[in-house]
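**Q** Heads up: the protein sequence lines correspond to chains A and B, in order. Numbering-wise (our numbering), the first sequence opens with residue 582 and increments by one. Numbering-wise (our numbering), the second sequence opens with residue 194 and increments by one.
Derived by calculation from the structure, the hints in this document are not laboratory data. Treat the hints with care, as some may be off.
Calculated pairs, SDA-like style, for lysine to any residue (alpha carbon to alpha carbon, straight line, at most 20 Å) [as the list claims (entries may be wrong)]:
hint	chain 1	residue 1	chain 2	residue 2
1	A	Lys596	B	Gly375
2	A	Lys710	A	Phe663
3	A	Lys710	A	Asn664
4	B	Lys329	A	Lys710
5	A	Lys805	A	Val823
6	B	Lys211	A	Leu677
7	A	Lys667	A	Pro762
8	A	Lys710	B	Gln231
9	A	Lys590	B	Ser377
10	A	Lys730	A	Trp742
11	A	Lys590	B	Gly375
12	A	Lys710	A	Ser755
13	A	Lys590	B	His297
14	B	Lys332	A	Thr632
Taking CB as the label site, the calculated pair distances span [unchecked claim]:
hint	chain 1	residue 1	chain 2	residue 2	range
15	A	Ile787	B	Asp362	22 to 32 Å
16	B	Met389	A	Ile636	53 to 63 Å
17	A	Lys596	B	Asn358	18 to 28 Å
18	B	Ala270	A	Thr885	10 to 20 Å
19	B	Ile304	A	Lys596	11 to 21 Å
20	B	Gly433	A	Leu609	52 to 62 Å
21	B	Arg417	A	Gln648	30 to 40 Å
22	A	Pro812	B	Phe383	40 to 50 Å
23	B	Arg417	A	Ser731	47 to 57 Å
24	B	Ala270	A	Gln785	34 to 44 Å
25	B	Leu331	A	Gly788	52 to 62 Å
26	A	Ile787	B	Met389	23 to 33 Å
27	B	Met389	A	Lys590	22 to 32 Å
Cβ-to-Cβ under 7 Å is the rule here; a few derived chain B residues that face chain A [unchecked claim]:
hint	residue
28	Ser210
29	Lys211
30	Ile219
31	Leu220
32	Phe293
33	Ala311
34	Leu314
35	Leu324
36	Val345
37	Leu410
38	Ile454
39	Phe457
Note that the structure is a prediction, hence the values are computed from the model and not measured. All C-beta atoms in this analysis are idealised placements derived from N, C-alpha and C, irrespective of residue type, glycine included.
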Amino acid sequence: MAAPLSRQKLLREWKLYFFILPSLAMVLVFAYYPATSAIYHSFFEWAGGDTKQLIGFDNFRRAFHDQVLIDSFFTVSVLIVFNLFKMIPSILLAVLIHRLKSDRWQYLYRVLLVVPMIVPGLVTLFIWKFFFDPNLGVLNGLLDFTGLKSALVWLDHLFGWGVFYANVPIGWLSQPELILPSLFLWGFPWIGAVGVLIFLAGLQSIGQEVYEAAEIDGVGPIGKFLYIELPLILTQVRLSLVLLIVATLGGYGLQLQLLNEYGGPGGRGMVPGLWMYNRAFYAGEFGYACAIGMILFAFILALTFVNNRYVRIEK
Amino acid sequence: MSTVAPTLTSAWRRDWSKHVFILFFILIELFPLYMMFQVSFKDNATFIRQPWLPTNPLTWHWENWGFAFHLILPYIANTVFVAVTGTVASLFLAILGAYFFARHRLPCSGILWAAFLALMLMPGVVNITPLFMLLKSLKLLNTLWALVLVGVASGQVFSIFVLRNFIEDLPRDLFEAAEMDGASHLQQVFNVVIPMSGPIIGTLAILSFLSMWNDFLLPLIVLRDQDLFTLGVGLIYLDGEYVKQWGQIMAAYFVASIPLIIVFLFTMRLFVRGLSAGAIKG
Numbered sequence: 582m583a584a585p586l587s588r589q590k591l592l593r594e595w596k597l598y599f600f601i602l603p604s605l606a607m608v609l610v611f612a613y614y615p616a617t618s619a620i621y622h623s624f625f626e627w628a629g630g631d632t633k634q635l636i637g638f639d640n641f642r643r644a645f646h647d648q649v650l651i652d653s654f655f656t657v658s659v660l661i662v663f664n665l666f667k668m669i670p671s672i673l674l675a676v677l678i679h680r681l682k683s684d685r686w687q688y689l690y691r692v693l694l695v696v697p698m699i700v701p702g703l704v705t706l707f708i709w710k711f712f713f714d715p716n717l718g719v720l721n722g723l724l725d726f727t728g729l730k731s732a733l734v735w736l737d738h739l740f741g742w743g744v745f746y747a748n749v750p751i752g753w754l755s756q757p758e759l760i761l762p763s764l765f766l767w768g769f770p771w772i773g774a775v776g777v778l779i780f781l782a783g784l785q786s787i788g789q790e791v792y793e794a795a796e797i798d799g800v801g802p803i804g805k806f807l808y809i810e811l812p813l814i815l816t817q818v819r820l821s822l823v824l825l826i827v828a829t830l831g832g833y834g835l836q837l838q839l840l841n842e843y844g845g846p847g848g849r850g851m852v853p854g855l856w857m858y859n860r861a862f863y864a865g866e867f868g869y870a871c872a873i874g875m876i877l878f879a880f881i882l883a884l885t886f887v888n889n890r891y892v893r894i895e896k
Numbered sequence: 194m195s196t197v198a199p200t201l202t203s204a205w206r207r208d209w210s211k212h213v214f215i216l217f218f219i220l221i222e223l224f225p226l227y228m229m230f231q232v233s234f235k236d237n238a239t240f241i242r243q244p245w246l247p248t249n250p251l252t253w254h255w256e257n258w259g260f261a262f263h264l265i266l267p268y269i270a271n272t273v274f275v276a277v278t279g280t281v282a283s284l285f286l287a288i289l290g291a292y293f294f295a296r297h298r299l300p301c302s303g304i305l306w307a308a309f310l311a312l313m314l315m316p317g318v319v320n321i322t323p324l325f326m327l328l329k330s331l332k333l334l335n336t337l338w339a340l341v342l343v344g345v346a347s348g349q350v351f352s353i354f355v356l357r358n359f360i361e362d363l364p365r366d367l368f369e370a371a372e373m374d375g376a377s378h379l380q381q382v383f384n385v386v387i388p389m390s391g392p393i394i395g396t397l398a399i400l401s402f403l404s405m406w407n408d409f410l411l412p413l414i415v416l417r418d419q420d421l422f423t424l425g426v427g428l429i430y431l432d433g434e435y436v437k438q439w440g441q442i443m444a445a446y447f448v449a450s451i452p453l454i455i456v457f458l459f460t461m462r463l464f465v466r467g468l469s470a471g472a473i474k475g
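Okay, chain B solo, but in the shape it has when bound (with noise of 0.2 Å):
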């Protein structure tokens, strides 16, 4: 580590070639979120006018702030709610599942695998018709609920898979020597399992929040009340509108963006090392 600051640039001089075709790449990639910072302090005829560059910061257009926060706040509420709720249901369930696949082979076990690996043959989409039927028989359309319960079932098998796995390279003798101290298997699951396995339960955690955040399939179709939309259909339904108000759409397109801004700046190491080793298991 004391010779950091040379290496660095060495390391910059036999790589900068390397450096400009990553740099432009990225810039690329990120050019989207600076179109959206930027227009969303513009009213139309501004725009219009200057498309490219910021305007001057004292004529910023803050309103279009206000409009945002006071369109997408609530959509942002029950996103949160449905999404958070979501993924703690999904997790603990899928604790329970895998402990049970993990620590011992009790009859039936392997058909029940077996059937919780066939789904992952099966394509989500394609059974969105009988799916929305099936939330119409339940009395569910039209509510949160819906989509809580259709995310946890839809995480378990991916959970499972992974915890499964992970739970099975767990030292055999934590769990003995709780067993010996009269342990029950519930007292097992909280003062062994999860204890043990935090990055990975995580990494999961992140994967079935992005999932549920991001979805707007489902909630499409689910929603009807406009205090219950969720992010998906509250921006869809600003989209569908008829003259564009491109400052305010773009401020409601940040605003939408704050809440995992937030948990990416305190989560950043989990969310990198995350996805990169969730990606691989999957």
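For reference, chain A alone in the conformation it holds in the complex (with noise of 0.2 Å):
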């Protein structure tokens, strides 16, 4: 830590104030200002253009009492869930690649890892959004391949889902019931290569000695997990898990580009970030989307604050 300067040395040093200028004027500008934007502009009916009109709180109101925006929290609390279960592959993955006893191997499948980062993350997503595709899909043709599809037929049948039909190619993103379950399906298996880095880092800190100590005292391999490799990198797991909350809860891209502005068929997929993005840019009520993006943000402050008092990261 700097120590504080003495008067007369304050005055040899104030040019250092120049240093944090530049970027002290890029965050008022770009970060601040926008911020303090959106909270004046949420309480105005506001059309993006010169004229607008103060109408108090007549925009929350209004987003209390918009059933599109209370679905589209469910949502995504639902998008939140899976999201918590598809961090699973991830730790079994880095814990698998930790106790690969070669660090040759080790050092390869990290490479081969990070490999699929190359391609840009829309790029990712559209080819998902063609593995989806009812005709030509990777899904429904693998459905058909492994006979699959006749199964998914059968259950149907059995409950009563009305979904999937014997000749009928499944629409994937076009059937309001199957958005959620396409949600879901999207990035299988799900290995987030930064989230197994990160996990490989924590279990990095486990010495040889103490499998070795496990190992005499006849602790098995799922043992082993539980008593030592879980609890090392449980730092990482919860810093990986509050982030993932804060950006499913405020993300909309992928619902934007999977599915539409309106969050796919039936509006199953909107989300609160999206139906921010549809009301400002497509129905240009910018001072309504202003509200919704507050309320967003005060859960999201809300989820961070719980988390500071109850989840503690120790660095």
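Could you fit the two chains together into a complex? Lean on the hints.
**A** Next comes the structure, spelled out in structure tokens:
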């Protein structure tokens, strides 16, 4: 930690302020100003032009009765649960790679994990959209090929879902009932390269002697995971948990590109961020969009506080 | 190192079940890349007849790749401009800012630090509406500079946070010696800080480059002219076409990935290490 300066030294060092000035200016203009502007404009009816009308809390009142927004919060909660589940493969893969005896293989697998990251995120997304295509898509092809399709049709018959039919290609992204399942399937097998690398970095602190001691005590592979590995990466798991929840809550790029600006058929994929984007750029209701942004921000802030309060992250 | 070969085989014998699992995961993970590559050489008719396996290289439709290069190269040029300018400017400003916080505790630096840290709580996405209006009033809509400026601004907090800790851990003597020799603060930044923090700067550069390279939400609302499209908008535009020639589209996706493939080949170690190290700090 840098020590406070004496008055005399201060007179000599004041030029240092010029060092922080550019960063500060950027942050003030492109982060603080928009944030303040969002708070201000959430109290206005504003179509983005010069004219705006102060309407007090009407935007917020409207938001609390906006069925689309309320449903979107349910949808995003479901997506958060999905994403928590999707963390499991990354953790397992990290543990598996870590347990390999050979460093060379460990390195090779780490490189192979990073390889998919060279594809722009959007391309991965569009390739998945292509996988979901009803007629040419890989997913339907695979289901037909393996005969799983007939199993799905049979299950459909049994439970009366009314979703899968024998001779009709499955419209993964065009049937309202299938939107959430598709968003769950998306990205299978759900390996996040960055996630695996974080977990691996955490596992690296486990010494070989810990494993040897565990082996002498007769701890099995599952025991090793529960008593040695999981506690050591708990910090990283919590950290990525928090980042994941915040990112899911505020994110909407996936829904916008995989479905459309209305969250797909029946609006089943509508999330709060997407509704905000939709109101601003498709309906021109900038004031209302700012209000939705504020509500979303309040949720994220509340979650961050809960997290800081109850989920400690030791550095 | 002399017993590399025997340890490899014995390790393989002990770990084969783990290898099978890992390879299974990684193969599925790489499957989209495989599909992208092999479909890029087919026209729609061939693709419908044989969706899974690559066709004979003699009958490959190279014109898909010609189409893709023609379409995507301008987008790549725009994106490279945004990502490179943005990354360099972002890191330079962040180094100066971090130096300010790390070297001396001047009056107000505590408040300024809090002002930066508070932004970590603020999710960027909820700001997009007023940000759009701001760019509009600055007459920056439909320019690449808008993307650069916003990219630089949004990268500041994280980079300054990481670099401050790093600079504070550098040996004090180095700075004192430089000061004895009459080095100004700017000279200290260039001759002490930057040479000493190569790896961390590389890591931050990769993270910042990737985030600007992959961004599509901001370009989507900022850019209107097709000449200015970055990869993100360009690909969305391509996805919106009515009759889809999957071969051409997949070739375009592949071409869009080429710049990062090149970067990856040269900085593989930094990439792997950077992503794991950078992620912990986050």
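**Q** Give a verdict on every hint.
**A** Comparing the hints with the structure gives:
no.	hint	verdict
1	Lys596/A - Gly375/B	holds (15 Å)
2	Lys710/A - Phe663/A	holds (19 Å)
3	Lys710/A - Asn664/A	holds (19 Å)
4	Lys329/B - Lys710/A	violated (33 Å)
5	Lys805/A - Val823/A	violated (25 Å)
6	Lys211/B - Leu677/A	holds (6 Å)
7	Lys667/A - Pro762/A	holds (13 Å)
8	Lys710/A - Gln231/B	holds (17 Å)
9	Lys590/A - Ser377/B	holds (14 Å)
10	Lys730/A - Trp742/A	holds (14 Å)
11	Lys590/A - Gly375/B	holds (15 Å)
12	Lys710/A - Ser755/A	holds (11 Å)
13	Lys590/A - His297/B	holds (10 Å)
14	Lys332/B - Thr632/A	holds (19 Å)
15	Ile787/A - Asp362/B: 22 to 32 Å	holds (25 Å)
16	Met389/B - Ile636/A: 53 to 63 Å	holds (56 Å)
17	Lys596/A - Asn358/B: 18 to 28 Å	holds (24 Å)
18	Ala270/B - Thr885/A: 10 to 20 Å	violated (39 Å)
19	Ile304/B - Lys596/A: 11 to 21 Å	holds (19 Å)
20	Gly433/B - Leu609/A: 52 to 62 Å	violated (37 Å)
21	Arg417/B - Gln648/A: 30 to 40 Å	holds (33 Å)
22	Pro812/A - Phe383/B: 40 to 50 Å	holds (44 Å)
23	Arg417/B - Ser731/A: 47 to 57 Å	holds (49 Å)
24	Ala270/B - Gln785/A: 34 to 44 Å	holds (40 Å)
25	Leu331/B - Gly788/A: 52 to 62 Å	holds (55 Å)
26	Ile787/A - Met389/B: 23 to 33 Å	holds (30 Å)
27	Met389/B - Lys590/A: 22 to 32 Å	holds (24 Å)
28	Ser210	violated (9 Å)
29	Lys211	holds (5 Å)
30	Ile219	holds (5 Å)
31	Leu220	violated (10 Å)
32	Phe293	holds (4 Å)
33	Ala311	violated (9 Å)
34	Leu314	holds (6 Å)
35	Leu324	holds (4 Å)
36	Val345	holds (6 Å)
37	Leu410	holds (5 Å)
38	Ile454	holds (5 Å)
39	Phe457	holds (5 Å)
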